[in-house]
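There are 2 protein chains.
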Amino acid sequence: MTTGAFFNTYVTNGKEWNSKMIKAAVLGFGTVGSGVVELFDINRKSVRRRVPEGVEVKYILDLREFPDSPYADRVVHDFNIILDDPEIRVMCETMGGKEPAFTFTKKALERGISVCTSNKELVAAHGPELLRIAKENNCSYLFEASVGGGIPIIRPMNTSLAPEYITRIIGILNGTTNYMMTRMEQEDISFEDVLKQAQDRGYAERNPEADIEGHDACRKIAILSSLMCGKTVRYEDIPCEGISRISMLDVAYARSMGRAIKLLGISERDWQTGTFYVRTAPYMVPASHPLHGVEDVFNAVFVHGNLVDNLMFYGRGAGKFPTASAVVSDMLDCALNIGENIPIRWSDEKMELSDPALNSSRFFVRIPASEKEKASRLFRGYEEVSLASAPADEAAFTTGSMKESSFEDCARQLSEVRKVIRLLED
Amino acid sequence: MTTGAFFNTYVTNGKEWNSKMIKAAVLGFGTVGSGVVELFDINRKSVRRRVPEGVEVKYILDLREFPDSPYADRVVHDFNIILDDPEIRVMCETMGGKEPAFTFTKKALERGISVCTSNKELVAAHGPELLRIAKENNCSYLFEASVGGGIPIIRPMNTSLAPEYITRIIGILNGTTNYMMTRMEQEDISFEDVLKQAQDRGYAERNPEADIEGHDACRKIAILSSLMCGKTVRYEDIPCEGISRISMLDVAYARSMGRAIKLLGISERDWQTGTFYVRTAPYMVPASHPLHGVEDVFNAVFVHGNLVDNLMFYGRGAGKFPTASAVVSDMLDCALNIGENIPIRWSDEKMELSDPALNSSRFFVRIPASEKEKASRLFRGYEEVSLASAPADEAAFTTGSMKESSFEDCARQLSEVRKVIRLLED
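For the protein sequence lines, the chains are A and B, in the order given.
Using the numbering used here, read the first sequence as starting at 1 and increasing by one per residue.
Using the numbering used here, read the second sequence as starting at 427 and increasing by one per residue.
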């Protein structure tokens with residue numbers, strides 16, 4: 001080991017010891033937390049190339065014991081042991097949920113310990129406050145893993161895209177729902193069956209609401225929107241619709257139009273007013289759009305900057321090691337910047353969102369066949385969509401681009417509207 | 427302007443003046459260089475968010491005069507004016523070519539001026555030497571724009587992917603050839619016609635050799651491979667094949683197999699030997715691969731890390747503002763790190779490449795119909811490919827995975843081989 005002589009490193013009983021090694025703590029030894037601890041062992045060489053002193057996980061905080069784990073001797077149950085150890089400079093919070101993660105993170109930052117997290121719930125709810133505390137205490141709060149799992153997106157937004165005026169972000173931000181939509185499209189299986197399959201494979205929770213109702217994707221687009229504008233976009237203010245009402249018939253219609261239905265988080269900046277339009281909903285994505293080919297559990301974030309034009313970042317949005325990799329990349333940045341704050345522009349000033357009713361888009365609509373004639377007169381840009389396998393009593397069409405409010409006015413004049421899905425444009 | 431009072435900034439005659447502004451110089455006022463200068467004006471606010479002091483382009487070096495340019499008064503013809511001005515801390519080299527870019531870059535770095543470039547030719551030829559000089563002089567040499575234009579790839583490789591052991595990079599690294607292949611596929615026009623079209627639209631040079639023979643893509647995969655291993659992969663050592671021999675018939679065969687032909691740069695790490703297999707060649711890419719949907723002038727870099735798994739970075743690989751955006755993101759990093767070196771691991775130790783003859787892949791082959799019987803016995807995994815529009819005297823097939831050397835041994839036993847194109851696996 002070339003750095004050995006310099007840093008006085010040696011290996012005893014498989015454990016490396018080095019007087020200058022940077023000491024870290026991992027909070028929560030679940031899927032991602034254990035991935036973080038293992039990564040420091042598996043990819044020790046890569047870690048050393050970035051941080052020559054090396055990083056050692058000194059403590060693992062968890063309520064449980066792990067007697068069979070090779071890391072059993074590092075497990076502690078009292079957070080104060082970590083807080084009171086002046087050697088600890090970096091912490092990873094992979095507990096999830098708001099409490100006690102919020103309290104622990106705050107206390108650590110107040111002592112100048114940098115915190116890196118995959119906890120989107122906490123970041124979406126308290127990001128700006130934690131960033132402010134980090135800045136005041138010359139340490140950092142980083143959260144690359146909170147959006148898009150292993151995909152580098154937060155750091156590129158803060159560094160590579162710094163010269164840009166970002167005007168649009170469209171993300172496939174939830175792997176569970178993207179897996180479900182892909183399976184429905186490719187295997188013609190119903191929503192209920194594919195949900196069961198996803199649960200059996202461990203892709204979906206037993207209580208799948210946060211995923212399938214869009215809440216998870218909504219938190220993530222709230223984080224990305226906040227980073228876009230430097231203010232706070234509250235996820236509670238974002239219109240949010242999941243995929244639980246998408247049927248095999250909708251999927252078949254989409255396919256007949258050369259489109260695929262995906263749950264998207266969308267954030268658009270209005271050039272004139274400077275306000276943001278944000279929404280989480282299923283969209284029909286055309287084959288020509290780069291997001292169309294993003295299948296199964298993969299995520300992708302499509303970004304439009306005023307000068308760089310279109311970019312897309314694609315990868316695994318979840319999973320033990322992809323997520324751990326993103327957390328560790330943040331931990332290494334913190335280890336390289338001890339005593340300094342890595343700035344992220346996100347204030348707690350609330351961002352005014354534009355009225356979603358004033359946003360324009362194209363719509364796909366299913367109605368009773370008896371309303372076809374009327375609909376063709378009501379909706380601007382009416383275009384019929386035919387599907388051999390559709391019920392005989394049904395008609396479907398797409399509209400031209402129209403305001404949500406005008407669309408609703410027209411739709412109210414029909415006796416029944418069976419389904420509405422927005423179209424994503426190229 | 428909120429920072430105004432603090433930094434003593436004011437605007438006179440449209441020019442901003444600030445005693446603390448970081449002074450920069452732009453070498454080469456061509457497409458990218460002028461984009462860099464304009465970007466600092468167009469996106470001044472974004473620049474200020476990252477570098478609150480602001481950045482001012484004080485000099486533009488070019489042999490020509492630009493009397494009608496709003497930046498005419500900044501144009502100088504003598505490099506020594508820039509070199510001898512102690513205010514200059516950051517330089518952008520957008521001249522292209524090896525000389526005088528190499529000499530100018532070296533001289534600037536020796537004076538502690540950081541240099542950011544889009545010049546892949548210079549980076550591929552002298553990257554490690556310039557990185558060493560930068561380090562010795564506490565400044566930086568950054569080259570995000572040298573690969574993939576506006577796509578963030580170099581910085582993510584050095585930061586976000588630092589914890590990873592990268593095992594594979596596959597890139598669509600040349601926009602001109604990707605545009606040509608996309609047009610041939612979608613519009614059924616010949617190579618000659620599409621080349622003319624690309625030249626008319628300004629996508630291809632009058633002398634298109636560097637693009638269509640793969641030299642440009644080869645330099646870029648050499649840079650990415652070098653960053654993967656931290657040593658030098660010389661582009662002269664990489665087997666390089668362009669697209670000039672791809673015909674409409676090949677494209678039709680690919681389409682019939684659900685594939686598209688793309689010019690790829692491939693770099694793979696052999697786990698057992700630690701050596702690298704690198705190649706630039708046209709490949710038939712299956713529809714299921716994320717690179718399949720990368721069309722027209724877009725570029726994409728597919729990366730596989732041992733823990734993060736598959737990632738893809740997609741965007742505009744060329745063009746005035748996308749490339750300028752990448753150069754400026756580097757310049758801002760340098761402005762934030764004056765007096766410090768931003769480390770990039772790339773030594774001038776030569777990387778041993780594995781023997782390409784020992785690499786395995788699947789092949790698509792066109793032969794005379796008379797050789798069909800023999801070929802089916804010779805090639806392991808022989809699978810016939812039929813195409814209605816193919817000449818009557820022709821047969822085509824794909825092989826199973828086999829070593830290049832075994833493939834050549836078999837191919838030599840046929841009276842004629844009309845075309846060989848490698849298949850990219852999922």
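Rather than coming from a laboratory, the hints here were simulated on the basis of the structure.
Wrong hints could be hidden among the right ones.
No farther apart than 27 Å at their CA atoms in a straight line, the calculated lysine-lysine pairs in the BS3-like style are these [as the list claims (entries may be wrong)]:
| hint | chain 1 | residue 1 | chain 2 | residue 2 |
| --- | --- | --- | --- | --- |
| 1 | B | 657 | B | 622 |
| 2 | A | 107 | A | 135 |
| 3 | A | 58 | A | 196 |
| 4 | A | 231 | A | 45 |
| 5 | B | 471 | A | 45 |
| 6 | A | 58 | A | 320 |
| 7 | B | 561 | B | 776 |
| 8 | B | 798 | B | 746 |
| 9 | B | 471 | A | 135 |
| 10 | B | 657 | A | 45 |
| 11 | A | 20 | A | 98 |
| 12 | A | 20 | B | 449 |
| 13 | B | 471 | A | 231 |
| 14 | A | 135 | B | 446 |
| 15 | B | 746 | B | 484 |
| 16 | B | 776 | B | 533 |
| 17 | A | 107 | A | 20 |
| 18 | B | 524 | B | 449 |
| 19 | B | 471 | A | 350 |
| 20 | B | 776 | B | 798 |
| 21 | A | 45 | B | 798 |
The hints, checked one at a time:
no.	hint	verdict
1	B:657 <-> B:622	39 Å, violated
2	A:107 <-> A:135	14 Å, holds
3	A:58 <-> A:196	40 Å, violated
4	A:231 <-> A:45	39 Å, violated
5	B:471 <-> A:45	40 Å, violated
6	A:58 <-> A:320	20 Å, holds
7	B:561 <-> B:776	20 Å, holds
8	B:798 <-> B:746	50 Å, violated
9	B:471 <-> A:135	22 Å, holds
10	B:657 <-> A:45	15 Å, holds
11	A:20 <-> A:98	33 Å, violated
12	A:20 <-> B:449	38 Å, violated
13	B:471 <-> A:231	15 Å, holds
14	A:135 <-> B:446	23 Å, holds
15	B:746 <-> B:484	20 Å, holds
16	B:776 <-> B:533	25 Å, holds
17	A:107 <-> A:20	24 Å, holds
18	B:524 <-> B:449	25 Å, holds
19	B:471 <-> A:350	20 Å, holds
20	B:776 <-> B:798	44 Å, violated
21	A:45 <-> B:798	51 Å, violated
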